[in-house]
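Novice: Residues per chain, in single letters:
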Amino acid sequence: MIHSLFIINSSGDVFMEKHWKSVIPRSICDYFFDAQRKANNNEDIPPVITTPHHYLLSILRSNLFFVAVCMTEVPPLFVIEFLHRVVDTFEDYFGECTESIIKEHYVVVYELLDEMLDNGFPLATESNILKELIKPPNILRTIANTVTGKSKEYSVSATLPTGQLSNVPWRRSGVKYTNNEAYFDVTEEVDAIIDKAGGTVTAEIQGYIDCCVKLSGMPDLTLTFMNSRLFDDISFHPCVRLKRWESERVLSFIPPDGNSRLLSYHIGPQSVVAIPVYIRHNISFRDVGGGRLDITVGPKQTMGRVVEGVVLEIPMPKCVLNCNLTVTQGKYTFDPVSKLLNWNIGRIDPTKLPNMRGNISVQSGSPPPESNPIINVQFVVTQRALSGLKVNRLDIYGEKYNPFKGVKYVTKAGRFQVRT
Amino acid sequence: MCAATSRPVIVEGAWRLIKRQEQDVSAATSFFASSSSSSSAAAAPYPDVGCMVDEDAAMPLPVSDLAAGRHEDLKQMLDSNKDGLKLEAMKRIIGMVAKGRDASELFPAVVKNVVSANLEVKKLVYVYLVRYAEEQQDLALLSISTFQRALKDPNQLIRACALRVLSSIRVPVIVPIMMLSIKDAVSDMSPYVRKTAAHAIPKLYNLDPEQKEELIQVIEKLLSDETTLVVGSAVMAFEEVCPERIDLIHKNYRKLCNLLVDVEELGQVIIINMLTRYARTQFVDPNAGQIEVEDKEQPFYEDEEEEEDAEADPEKLQQRPKMMDHDHRLLLRNAKPLLQSRNAAVVLSVAQLYQHVAPRPEVSLVARALVRLLRSHREVQAVVLTNIASMSTRRKAKANREEKDIFEPYLKSFFVRSSDPTHIKSLKLEVLTNLATDTNIAVILREFQTYIGSSDKEFVAATIQAIGRSCSSLLFIISTRWVTVMGQAVINGKNKKIEKESLLPLVFPSQDDIVKLQILTLATKLYLTNPKQTRLLCQYVYNLAKYDTNYDIRDRARLTRALVFPPQGHEDNKLAKHAKKIFLATKPPPVQQSSFKDRDQFQLSTLSHLINARATGYQDLPDFPAEAADPSVRCVEVPAIFAPENHHRPAYQSRSKPKKPESFYSDESSPGDESDEESESDSESDSSDSSSSGSSDEDDEDESGSDDEEDDEEDEEEEEQQQPKGKKKGGSTSVKKHSGKCEATQASGTEDSDTSSTSSSDSSSEDDSESSSNSSEEEITKKKSKAETAKGGDRQVGGSKRSNLDLLLDLEDSPPAMDTPLLTPSLGGLLTPSPSSQPPALPPGASIQPASAKFIPVTKQELLNRINSGGLTVACRFTRSPHLYSPRMTSVELSFTNSGAEEIKDISVGAKKLAPGMALHEFAGITVLAPGATLCGTLGIDFNDTTQPAAFDLVAGGRTFNLSITAPVGELLMPLAMTEADFNLNQSKLKGMNELSGLVSASTSQPATSVIVDKIYEIANLLQVQTSSSTSLKFGGQTASGKALVLVSVLLSESGQESSVTVNCEKLVISSMLLKEIQSAVKKI
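Chains as they are written, first to last, in my numbering: chain A, 172 to 591; chain H, 25 to 1109.
In short, the hints are calculated from the structure, not lab data. Backbone N, C-alpha and C define an ideal beta-carbon position, used for all residues, glycine too. Please note that the accuracy of each hint is not assured.
Unchecked claim - Away from chain H, derived, C-beta distances all over 10 Å, residues of chain A:
(1) Tyr202
(2) Ile230
(3) Leu248
(4) Ser387
(5) Arg463
(6) Met474
(7) Lys583
Stated by the list, open to error - So, partial list: chain H residues that the calculated Cβ filter (under 10 Å) puts toward chain A:
(8) Arg399
(9) Arg441
(10) Lys1067
Claimed, not checked - Covered, in the sense of this in silico footprint (three residues per stretch, anywhere, with C-beta under 8 Å from a C-beta of chain H), are these stretches of chain A:
(11) 214-222
(12) 362-375
(13) 398-407
Pulled out of the complex, with its shape left as it was, chain H reads as follows:
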């Protein structure tokens, strides 16, 4: 739309911008800056200028028309220092891109913003880059280093996004960089990043097909991934790059089958399609030589229930002359549940799998699911009907005539509604025609009869054709008695005498020409097959046609009449003798043949099948081999465990990793190493994130997960087959757990770390050996990763080395994270098991970091008086340090003092009486407390952001004491370090209902700021935010359990003592209580 006019002036301007941009990113661009700035200058495509005259009126802001150039204002906005302006400019640019207008002129101005700290701006720049990088290759190169840096970001989403955008920049020069990035990313800890890597593979392949061999190695690695999130994309990459390398699938075949149910929907489609092809190359035809046997099992079809059972019933399987390959069966069995998917594409792909690969009797399973899809959107209906029509045609052609069609029980679902679109109507007719049998022909014909009255002429013509086809094709096999039925159906009057009143001739004069021609043909055919009963009808139709206004119809009538009713004296007419042959015998369905016949050559559910033409990239479905391929290739002795090599683990994390027994990891929010090892068990069932789930719901999760595993195990036994993976080993444990569920639930909180670690590793075990060495392995991996982080720079691509090291150094400067598992980049991921107790995303803002407390209370609160307990005094103190067990927990230090004369033995926590949502992690039990001694234990209490008391029993020396700890609201918080900008940003998001403010006056006049700060530190575990203004104090924090931001600001009045306190938090209770606390505290100053 835009004529490229080059204006050197602008180009120069652009280059000035680029020069500036280079300075911006100079630290990172050592690799590219030199080459690009010199080489690209010559080849730089001149940015397009002008002709964006018709800027859309729908743009949110009016674009002022500067004479200098259309987008000067946008450029200025992009050059400004304010993120807001940049964002606005980027939004408008994206608006142009979305509307298809040319925004390429702005490329230089946009591309330098790729370094913007504002994520939103960055994201939009990415969108822009992907769109225009191809056109402005040299300028695009400037952004590469940014991506390379982002590829090392601790946030998995940023890594993934960087890889996605980098690989979308279709610039051939960066092929080597892409290759390296992909190779790195397939070993990433985060499944999400690995998925992105899989997506990047076809992009690279399209850009440079010569990389194929190298890419295949990468694909091979991805295929061995055990994460459901990844395998779908891995198979997609396989299909795009090297579908012919079927050998890569062997090792992963069983895994793919087993994971199938849990893969995301569109991944399922891709995997099933691929496995269909695989099955056709590896297994023998299950229908070969079995037809006779199947036919004996006639009642099979009558009873759906039985049929379903039969499929899983090993006895029935035994009856089959040839046993199907176990793997063949495995595929079919694992695909079957997907017929219940809500996604039509998945259902149809399973249907085609059964059609192409399953023994014929089993194909009937899919019918019901396909019929269900007919209730879906119009477009889905059309595709499904095309496939059903094809399946029924194919069956009809091949199958024994007496065998019922699998769709026959659903005949009525194909009845046409007048509200259906025309193409749906004709597809339904096609299906109805195919389904016609001797038993249902009457029903079908009666139905057809009502269609003839439709006002949709095209449809009426199709109906008549369908009548002809269903009747004649039946006549071909069935005796003439059907003609009677048909005649009766077609002829409206039931009385033979008033045949002339019959529907067909009646409607004849008012029909369209095309319908009339069909009626003629039909009448002729009727007569030829059953002359006695339809002679009159036929003659009547001919007479009507004789006087028709259309000469085509008159001609046709005359011709056929001469053939069918030869004039007197010409009865020996040669043609007339062969009339039957001409009209009926030429081909089984005489004139009309199903248009679905020749679709046979295409695989069902494909585009080629739908359009009945070979689409680009269509692969023929191979025929079954005569001899089965060697099944042993699929045996995998050692499960291919995905072992990430290059963990992204920022230095601070490994440094500050708290020292704790191994159980820490398996109990709590799962650390990265484990998440991968467990991802497999996780993906096995929707919910078996058991091992790492938080204490509160661990057992229930476990139980539900184990149910699935149990089922699996049953299947397994039935299969009597060596599985590649030992994941089912957990089964027995799970059963136990299941039975003892009640106890387990009660004890969930009290289970000490050892037991829960055992249980978790049980349920998540890969195989025996691994489960036992699970935790120790972790330690090793941890060490390894530490080492790797240190030498991480060496792996980097040439020039970016320095910047990466810088980045690592930067990270080391960051404050020691209070709760490292929280921030682990490698954590989480869509399917990695992470505990439900895991807090949600940290509050927005990259710079917001958990910090350590500024003030630690020393005052203790007495929980148990020695008078009541016989010598034992228990006091508690909030330590304001993060609890190691769970980041949601508040640490409470209990100090036990024995004021009595005797030793107190065995102090531990007994029963807990917690409000719902709360959790308590007990302290390590104290075996002996000597008289006069004081010992401490640390409780972790998840107060669930309430000030409800946590009540529990303390068992000491055989006696039980009821204790109850109530946390002041200030102790439910955790400090966060943030910049003022972040504070303001978040505060602005927590306006309205989430904001509470009040006035407070200190008792002393003009209290020092530091006094107020200290006071607030004392009552609330918050951290002051550095502010520019001296009159306002700002504090940031989050609630311990829900991780909701808590922002406190105190505005000191210049003159008086009055200060206004504002608390922003989405938890109203917290904010109101906190406000009160602060008010009363400040008053006391």
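Here chain A stands alone, though its shape is the one from the complex:
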């Protein structure tokens, strides 16, 4: 299925390769580089590249390309999902997935790749199983080793587990904590397109419930919601019992140990989504002498919560040379190379709305831009899920301790765009 994997950095170096079958020379990556040259930017590289004898399926994560080489028919999404899983696993193991991190931990990386795929077919991809097979590098251990001068002797586990894999694939057996705690983060991201006049073209909510479960033993949790009706489009971690959900709308599961995404849901554009901010804008370019910009941001339908972390990003047209603006709150920057105008506002005080206005200087002689730039908006509203979702209660079965439980709600801007 997957013959080989090449990891390529942003400057085009193949700095790691792994072959699960016969070796495929890395010159195969030239096809990928060709495609990269043709594309305007890295995002535009097609995920599948056909070469005379091979198919290159690639993903781009944290500025690294993971290029899988296949030779035969294969479900492409399967490969793409797998590659993402590989990166997720690296992030899980090393905290982040950068070139230097991968180079530093190449032995663990190699062992992981070896466990995850056998003959090109996925073998063990659940993080918890992998952690039983290959111990993640431990900061404490690393420090201890550095102090004691033991070099990297034990940075990799020196042992195999004795052959007791957990009976629940996503959970390690014999988990122990002195403090038993379970935290649930309900995060909702608002994807919206707002038109010129401030009307909502489309607005959707993408929600996630991430959990951080540190419970001993083999707990069996049930999570109920005040308004589970909201979930009409939902996807689950494999631990969730689908049938129980379908019949009772109760989330029943044996949680994975540590951090995991329990479910994600989608509230489609058919339902009405309350947009927590509004942007009043006036951007105009004159035929000569540049243009003017005047933007005011204000809260709207926030249900009494404060809108924080507001950042506006405006990719200016190519012809813009500079922006000369005054802001009443926060800071703005304009990068003349990427033409990105960034206004970091922070928290919005409803009594004194932040405003940014001023002149835009345009390359002399060039015609005014055909269209106004769009405004990308970021914001955070804490302690509330925009959809109104609320966790009702969490019950624990199977273990006798009483864990500490916590739920946190956050609403964020996802792909939130204002057309001007």
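Position chain H relative to chain A; hints supplied.
Specialist: Leaving out everything else, chain H in the frame of chain A:
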């Protein structure tokens, strides 16, 4: 990158190494050593030397540049006796492999380390071997015997790993060995090993396709496996080796459908794809002759909810003219929940299943799930959009025009963001175009209008093309009133008078050439379809084009103008008359046709579909047969139960198996035999490891598991279909349990073994007959396996026979395991039900073994005084023997003495008042205690590694007494036998916070070492580790419940009485208490 330069000198050196290597493994290599050493010498590929000049600077250690050869230092390190050096060398070699540098020269030096005792070195050698074995076939053969030996290892992971590496060595000579190993492994107890065996099958097939027939038999066996872990890989092997043997699937079809939800994600994809093909060969087209009926059900589409219900609603099913085959329905129903998978590949594979196999109205179910995927990574988006585009095109082509597209409700999700990558944008345009209908065209066109202003020129061109297509394809079917709408949308000004201000002409001069050409075409088409309203617009565009700088555009404008507006006097121009035909009528969407049209031929979600070309190995999706194939082939009367034949069961285990009633096995940590029989019920629901779960959580587990089973049962009833498996039989029991849950939870600990064995076998029963004979069967299997172990050697491949026997003998020498279920190789596995109370992996180090206690306390502690109880005295003593019920439990012997004059009847344990996490297994009740007599009972208490008292009620002669047992910390431990090296290794891992130490001075000066040892034995259930130094005493053990290592070392000072005591344990409470205990004990000496 490396020119192969042969240097005979080096080769000779290499061979010397190999000779040495042969000696190392001589015992095991009887089969290969002779043949390889003679035959391979001639053909040995000379190791590549030199040209590794550009050793990477990023290497962790600088590589010294020896003149003799690049890797002399590495070779020396590999030759050294120190594992540390070897490990370092191997890491550097793997670094070279990872960077794609040639490390083949080191092959001889590396390969001999395959026998290394250090697992880490071994693992890295394996990685290296897989990479280079193909190039150095003869040398690689030397390692084979090691793998053969490892294939018999008690640890399932080692067996699996050995098989994986052995099968990855692409050397044709070993085909027979691989075949035998695979055949052995498919009967292995461990599902993990069986999974690996499934993975090995395609490897062997690629190496030698002639083995196909034999492999098919193996695959057939694997397909009948009931374990979710295995079936995915089994189907994968089937797809790789013999996808045409669809007959192998018949018997397993229903099982695969039923297991589908619980198979791991990537297995689901493979199974669904295979079953899609299967369904297309076995069932008739559900859409055949039904279109009219479906159309009557128009409101169907309006209401999503109703639609979902309808799918499961038998009444609706009845309405259909032709009933779908039950099995056909079964597949669709079982696949449906997977639309909620978090894995996009699974969702898409279900979507294609529905698209290709389901009745058309039901396909709409998948739309929402697919739309959800659009929020995923860019790459996923691209693939999903391609498939959506294809689905909508296909629907559009086939479906009734008035029928809405399944994606239409999600129209807005396809709106383009300026931040989308270009290929995503054009895919979204494609979808939007396909979704255009009379009701939404205005919305779409308004949206398109905003796109035209984009700075992405390619995208603007695509948009204009899309406008043309969505309008003209609609015009084809809809009346001209849409042109008005369209015209209004395209023309920015709402006022007809200022048509010249309209957006299109305005932007015209500044557009790229490609956009201009599109505008021209669009304007022409607009005019031809609706001359009245767009005449001016069209003429204006032509005028603009006339003076364009690009001659292509001028030419095009002139040509089309002549056609559309013939010059005066030439109105009868023949071409002009047919202008409409030329521009519009030639094909339904005139100039632009969806590029997704011809993808129809490919199955959705495949690579071929995505790249729109036939990929190697693509199998065409067969058309539905006109007549359904015989459905009876799928009926399985007797469930195909996977019966392992060749259990790996080390001798010590069968020997030391404790004698206990059958209930022991079903209650407690599940022994191997059962795990397989139960694996099916386990896989049925995520958590129904009920039968074997520990006492503490058994009932909850049961309950949750039974819920699933209940659901299944409901489905079953609805289906009114004979299931191949009787697993649902447990349903009724489960219901009962469910209702009586509270009681059950309370009583969970007290349930005596008989009841729990019944309940567990109920819930895990395969079918009636089997469940009843469950336990007796076990016994039989056990005996059988014992016998098999004895003759195990006979089965081995030729030469390795001796070594295997050696190995077995070795194992028999190992100390009697204190808790055999713990160490059973066949135990566990990813999905085999094993109790949650089962301890985690033993502490690292292969040589660490549980041992028996060195000291057994004789002192008793009085729990109940006869004065208080009226004659009954109860005393307790810690026996330091493993408790049979659970390895986590500490055995406490209670002795009951009747000091009174009358008989005391019925002594048993009443209510338990335990702290959370603790468990108590009661002793067998005493019916009569004669006056003056003393009887004993053994309690098992899981103290959960705390010194909290275990309080319980003792019921004796109708009276209840509160008793409470507190274990001294030393009794919470279990001794472990380990080598000094293991001790040091583990101690070094438990530094820092996990280490406590203190000084202690004995009251007598210079106490004898043995005195201290005895003292420590007395207070803590540990085992001394043989040390090289006489001044340090080391003791190893683990906590009973959590199995956390406890390491105690006492450093005796040479001169004085001061000794320093160090305790390493991750449980701080344990270590601090233990340290105090030891300190106070030593002081008293």
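Novice: Going through the numbered hints above, which ones does this structure break? Give me the numbers in ascending order.
Specialist: Numbers 2, 3, 4 - these are the hints that the structure violates, sorted from lowest upward.
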